[in-house]
Structure formats: structure tokens, C-alpha cells
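Enquirer: Here are the chains, one letter per residue:
There are 2 protein chains.
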Amino acid sequence: MLSHIFALAILSVVGLGVSGFPETEPPKEDRGGPITERYKDEARRIIDSVMAGNDAYRKLEHLCLRIGHRLTGSSDMFRAVEWAFEQMRLDGHENARREQVMAPHWLRGAESAAMITPRYAPMAMLGLGGSVPTPKDGITAPVVVANDWDDLDWLQREHIEGRILLFNYKMPPYDPEKGSGYGDAVQYRVKGASRGAALGAVAVLVRSVTANSLRTPHTGSLRYQGPYPKIPAAAISIEDAEMIARLVDAKVPVTVNLKMQCRNLDPTPSANVTAELRGTTLPDEIVVIGGHLDSWDVGQGAQDDGGGCVIAMEAITVLRKLNMIPKRTIRVVLWANEENGLAGAKGYVEAHKDELSRHVAAIESDGGVFRPTGFSVECADAECERVAAEQLRDIMNLLSPLGSMDVKTGSSGADVGPMRASGVVLMGHRVEGSKYFDYHHSAADTIDKVDPTELSMNVAALATVAYVIADMPERLGRPVAGETVESGSE
Amino acid sequence: MLSHIFALAILSVVGLGVSGFPETEPPKEDRGGPITERYKDEARRIIDSVMAGNDAYRKLEHLCLRIGHRLTGSSDMFRAVEWAFEQMRLDGHENARREQVMAPHWLRGAESAAMITPRYAPMAMLGLGGSVPTPKDGITAPVVVANDWDDLDWLQREHIEGRILLFNYKMPPYDPEKGSGYGDAVQYRVKGASRGAALGAVAVLVRSVTANSLRTPHTGSLRYQGPYPKIPAAAISIEDAEMIARLVDAKVPVTVNLKMQCRNLDPTPSANVTAELRGTTLPDEIVVIGGHLDSWDVGQGAQDDGGGCVIAMEAITVLRKLNMIPKRTIRVVLWANEENGLAGAKGYVEAHKDELSRHVAAIESDGGVFRPTGFSVECADAECERVAAEQLRDIMNLLSPLGSMDVKTGSSGADVGPMRASGVVLMGHRVEGSKYFDYHHSAADTIDKVDPTELSMNVAALATVAYVIADMPERLGRPVAGETVESGSE
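Protein chains in written order, with my numbering: chain W, 1 to 490; chain A, 1001 to 1490.
What the hints contain is simulated information worked out from the structure, not anything from laboratory work. There may be inaccurate statements among the hints.
[As the list claims (entries may be wrong)] Residues from chain W that face chain A, not an exhaustive set, calculated with beta carbons under 8 Å: (1) Ile139; (2) Leu214; (3) Ala444; (4) Asp448; (5) Asp451.
[As the list claims (entries may be wrong)] Stretch by stretch, here's where chain W covers chain A in the computed footprint (C-beta under 8 Å, at least three residues): (6) 1242–1249; (7) 1257–1266.
Glycine included, every Cβ here is placed at the ideal spot set by N, Cα and C.
Bound conformation, chain W alone:
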């Protein structure tokens, strides 16, 4: 039933013929490198099969609609763990496991923020993950505005002490060349509280880390640093930040009341959920793929990162159905606690330290599930990174039916990061990024933002890349004569 719909949909998205390959320009034998040449038939088979129909969207609908958001420690996250574990067993995968970790446990409570001078105006807000609460009646104080760190330096302690500090840093509109600007903007959310506390602020408000808003606040973690008091911090919508900043610019005194009944509780159990497509001849060598199963406690965690989870789950399901079992093992890891502690990532490295030297690659999908655009790669060893990037550029040719792909070096994903020191080749699954931060960490991150065809394209891309990395004679990031090379392909 689905195959027909997907086939039609994909035609309109990437302009393909019914085979899944461009009609006007069939793949040329001389176009790719040795890996392209070796795997073009397998890649075509995977992509055609995925685009003809797969179970990823149904899985994601279940996760988003039946379970919903799933912050670490919530009953929702426990339910998500059970569901993912059962789903991977039902799909017939080997070694399905829930690998327990102890993780930070932050709980949002009743919360509100309102401008009370010069008039009463309730604001759209979300407390930041990890924040301490306010007193029961909240904190009421005049507001001082800093547009960036330079402003903060200029303001100095005398203008900040005893006040609520608003960081009004404006994340720029998405730029295809420069990207989202998230990296700069998120600093204020992460570091703002302690930077403000260092100068005597009693609480911090942060303009939401997004370029687009329909009065939508975006939460996320803060990090208390240094010897400064831990003060409450919340994100407010762009509109509310604009309101306050414009009034303050016009020399109108603004007073705000901030109430947050959140709590930092004792560490909670959570779990990475893992399962394997066990390799044939080199089963102890592992290619990890996955997204993080936890999410913030608003919306449905659809783009961040339910999509990444179901892409990985479906990638090995598709390969298993096609009976395309690579030499090495592909292990799905659905990470626990990416959003507020990385306890899953750290726990994995600890629990699997004896086999990390046999981890050939670890690929994270955590940038949303829009149209795939390629992969990123990084490695502690520069030569390894160079070789891996070259190999991946060759592999990208296999994905041409899904559009133009490229390889960027020097980044990957948060959950695979702790494996860096063990020399694992770390990879990030990249997608078109213009809308991701409109939804990220907000109540608007819901299933309706996920396009079924784009989700399938990501399944196809990841399944293909993971299959080839797991099967090719070369070990990713090592010269052809490296330790795991066999003579020829089977």
C-alpha cells in the first residue's frame, strides 16, 4: 500500500525515475571511486526498497502520539525504553537490551513569568533544564537587558546586581552558507545563568534560541559554572524578549515576576536501548548507529530526536528484511539522556570499554529528519579523519538517487563524542537545516513537522552508509592495508 505513495512522493522531491535513479543521467561507471563501484548494486537495492515502503513513519507516529515527550526520569521515558526494546525484538534483531545508566533527574513544576511593570503581561516561557526553582512567590525584580556578552561587560555589576538579567541575543535567520547560528546563540542559554550570577543577577531570562517564533518558547539545558550562586533561569519567546527590550530601550522601567517550582532530584535510572544486526564474518567489529530516545518535556520530540531513533531502528530492519547482512555488526544504540547530562553516552563508553577498539564507526542522527545532505566525520587522529572522509566521499556517490550529498569534517554528534578518545571514527548524519531550530526544544516539535518521504530518504541514506561501512574490506579511516582488510570482497 505504502510503496505506491512513497514512489510517487519521492519522484516529486528529488526528480527520480521509477527505479529510484535519475532518468536523464544513469550512474556512470567512471564516476565513483572503488567503494562506489563495488557497492552500487547493493546500494540501489537498499534505496529502492526503502523508498518503496518502510515502517519508519509508523514507528515515529507511535512514539510521538502514543508515548509523547520523554524527559529522562519521566514515566514517558520508561515507556519509550520498553517500547523501543520490544519493537526491536519484534523486528527480529539480535541482542536487544536495555542497558541501565544513572542519569540526572530534573523535573519541571508549575512555572510562569509575567511583566508586572509598566503593565501586567503574562509571558510565554519555559524554565531551563537543570535550573533551580524560585521561592514560592517567585522572584520579582527590575529587568536589565544585555544583547550579548559585550553588552554584559559594558553593563557591569552595579547595573545588574539585584536585577533579573535578560539575554536578548538574536539568533539570525537560517543561512544556507553560514548555517543556523545556533552555536553562538546557545551560549547564552547554557552559560547565561552563571555569567549573570557572577555579576549579582537574581535570575536570568534568555531569548529563545530560534530565529522564528509564533510566541513559542524553547527550553534546553543550562550549566551552572564557577563559584557563583545558582540562580533560576528561563527561556522566553522572541516576542516577549522584544517587548521587554523595546521598553527598556525607551527608558521605561520593566519589572518581571518569575515563578518556577522545578526540582533537581536524585539521579534516576534510565537506559540506552540497543539491538544488533549481527555481522557474518567480523561480528565483533561494530558500527554503531542511533539517535537519542529522550527528549525535552514539551512537544513530542519528533525531530529531536524521535526521528533519529526510528531511522536507525528501521535501517537495520530493512537490511534484515533484504537479507543483506554485512560482515561487521551494525548496532543500534538509542541513547538515554542526551538532553540533560549525556549519561547514556558516558555509560556506554564505560560499559563497552573493552570493545571500543573494535568500534569501526559510531554514527549519530540528531539534526532532524529533513532531506538528507550527507555526513560529517571526525576522529582523534588527523590521518584517520582524512582517510575516513575520503572513503565517505566515495560512499556518498551511492546516495545520488537521494540527492547531492557531501562530507564535512571536524564534527559528529553529542552521544558519540565520548568514544572520541578511544579512536573511534565518529560520524553525524546531516540533513537540510533551515527549519530545525524553529521546532527544536519547543512544544512545536511534533509529528506533523516530519515529512514521510524525507524520513524514508534518511532511512535509505543511513542504511546504505552503515551497510557499506560494515561490509567493506577496508576499515573506515584506515588505509586499505589496515588490520581488518580481507583479500577482496565476497
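With chain W fixed as given, assemble chain A onto it according to the hints.
Expert: Same frame as chain W, now just chain A:
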């Protein structure tokens, strides 16, 4: 200070030379009709002056930031009336007045909606204006979904009785040819409650009337009709409507709890705020311009319709500063209670019935303050409408520095509607419409959505059109030999 900024800004928006007219193609003498020819110097003077700097954005910032939203009967609306009255006196206009009307008084209370089966999920909602409340503990019932009226007919009473009925009509994305699709979509908000009650529904939820959402509900009026029980009704966000509809489609029973403590109170006093640029030789002939001062009780009523108010206020202020006093009187009317009763519009017709025959035109600005695109016109008399449209097409040439403008017939605005029966030429001020309904009736309708240059362009357009209609020898909508024609222009 502002002039330089505006001059630069306008250059980039409409590609003008510093004079405000296209550099490459100066206005041709043979291009317009007789009105263009007669008024080209005056029009140029108005447009250049407005675009060089004006007070409209400051006024709108004051209304939005210092007063905020202003539903009829709220203290905010009373403050808005006083502010507008004082502002127009300060601007030196004649006959500034608050003309009292008695208006419907609806008050939102605490309200919430949550899906409670198959899991607990609070929804983003706004009760509909005029709705009756629920019992204190709310209404809890299974949900039945109708995508449109056809679905409703198909469902029949047995599937609806005792249930909460969700109207899940999908407003299409904005289309430059077909427009917003608001007219069709809003029917479910206005009529849904009684259509549902007629079939036994216990409450109604309506998918918000918008094509874009970041979990943003949009309120608006409902109208109870017929002999059916008045049942509570609320708008929910697109995301929440999608969640419920997808679950119900998948045969998952969905139960919702809806709580609304809103109240319909006794009629409240409110007021149209009026002031005049009194005409020189025909002061008893009147051209009305205005927007509505009330708004919904969320956001700041910036696009709907603070912008329309300040455009009209500023239009006569600019003319007065230029000492361009037309023959006829231009009367600003800032309408009361457009959103939930039209009491201002109805009260004006009653209070001014003796002078309606001398109302030459009534122009409403209530479509947002994006880039101006022209005007609409309608008249009870078809010949009058034809003549007026022809004259207005001539006048549109005068606005060419602001972009291409056209005239549409057969529509105008809600507040001027009641003058139709008196033969007044009714006009609507039209603007580019792709984003208006993203913000309309929502918490996202805030000052940051208004571009200062686009606001100025609207002031320039309205000031020019109102000036010409008020000054030209012809009376709008009547042949040149009509009753108010003088011999020649001064």
C-alpha cells in the same frame, strides 16, 4: 533622525530613487487619467513626506507595548480609548470625541484542554469568544472528528451525541492567486458549535484557523444559531488537532477534558474614537478612514488592528503637518468592538444617520500592515461601484512609488459594512496577505511582526487616497456632473 533610516529602507523595499519615485522611469504625463494628472504633485508631496519620517510606528509601539491587547470591556480597551483620544487631540485634530456605544462583554477565565486517553497530553488552546463556560470540572468525553461539513453529514447524530466534536478543517497554505482560504476555514469556528450541538455534541473543538503553527492557538468569535443548546467551544493548535485526528484515524479512542470558566456579562460601555481633518469648502461632506481599536485578548493586536488605527491617525496628522487640507472633511473613526459584536459600527450608523448621505466614502484598514497592494470598493448601487472603481484605478497611479496597486470590487471591511444601506461608497485598504493569518487572533500578533517601512507605506497610501477622494471635484462613485462637483480644481 528617522528620515534617513526610512529613506534607505524604502529604497531597498521598492527600488526607488531618493525622491521616492522610480529612478529609471519617471512618472509619465500620459500614464494616468484626469485625477492622476490633477493630483500628481500633491501625491508626490504626501508620499515623500511620509516615507521621509512619520510617527506611526511610535504610536503603534505605544499601543502595543504600553497598553497591549484590548478586548471590548477590558480595562485595556478603556485605556486605549483614552490614549487614542488624547493622541488625536495632541496631534491638533478637530472634533476629537469618544462616542459611546454599548457592546457585548465576554470575559475569558481560566481554561484548559487536555487529551486524557490514550495518554495525558495538555493541549494549546484558546476558548472562542462568546462561548459559554463548561461546568467547573470541565467536560470529559470521547472525541469524534469531522474534517469538514461533508464529514459531519456523513457522521450523523449517533456518532456525535454525547461526544466532543473536533472540526479538523485544514486551511490551505497562502496562495497568491486564491488568497488565504480564511473565508472557508472560519465557517467552522463561527458555526461549528451550533452545528455540533444540533447533532448532540457536548462541546466543540476547532482546529485553529491558520495554515502555519508553532503550537499556536487562534481564537475568534463563534455565533450560536438556531434552537440548539449553547455548548462550549475552543480552538486548539494545528499540532493538537493533528494528534487527535491521527489517533482517531488509527481507531484509538481519544478522550478529552475541556475546562472553560469564561463568562458572557451584561453589555459594557465602549467607544468609537473619532477626530477630523476638517474640510475647507465642503466640510460637511465626509470621508471616513479607520481601523478597529479593540482586539482579541491575546498578543498585542498589532496587525489586527492596531496597525490599521495608527495608519488612519497618522494619515490626517501628516496632511495637517503639510497643511494639505482637502475640501471635504477626513474623519478618523477608530472602531469599537469589531471582534465580537460590531457594536461600534452599528452605533456609528445610528448616531450619524442624519449625515450618512454626506458620507462620500468609508475606508477600513483591517487586513494587517504589510506592503500595500491597493484598495477594494463596494457600493449598494452597481453603477456607483463601477464609477468608483474606475476613479480609484485612476487614483492608484498616484501610488506607483509605493509599488503596483490595483482595485478590487465587491468587498470592503466589517466596520464600514453597516453604512452600505445608506449608499456610502465602502472601501477596504488592501495589503500583501501571505503572513496575516499566521498571527491573526493569536498570542503572536505582536509589534515585532510589523515592519516600520511597510507601515509607512500604508500611511502614505491611505493619506494620499483619502486626500484625493476628499478633495477632488467629482464625488467618488458619481459621474463628473454629480451633485458635489465644482468647476475645476483650485
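Enquirer: Please write out, lowest number first, the hints stated earlier that are contradicted by the structure.
Expert: 1, 5, 7
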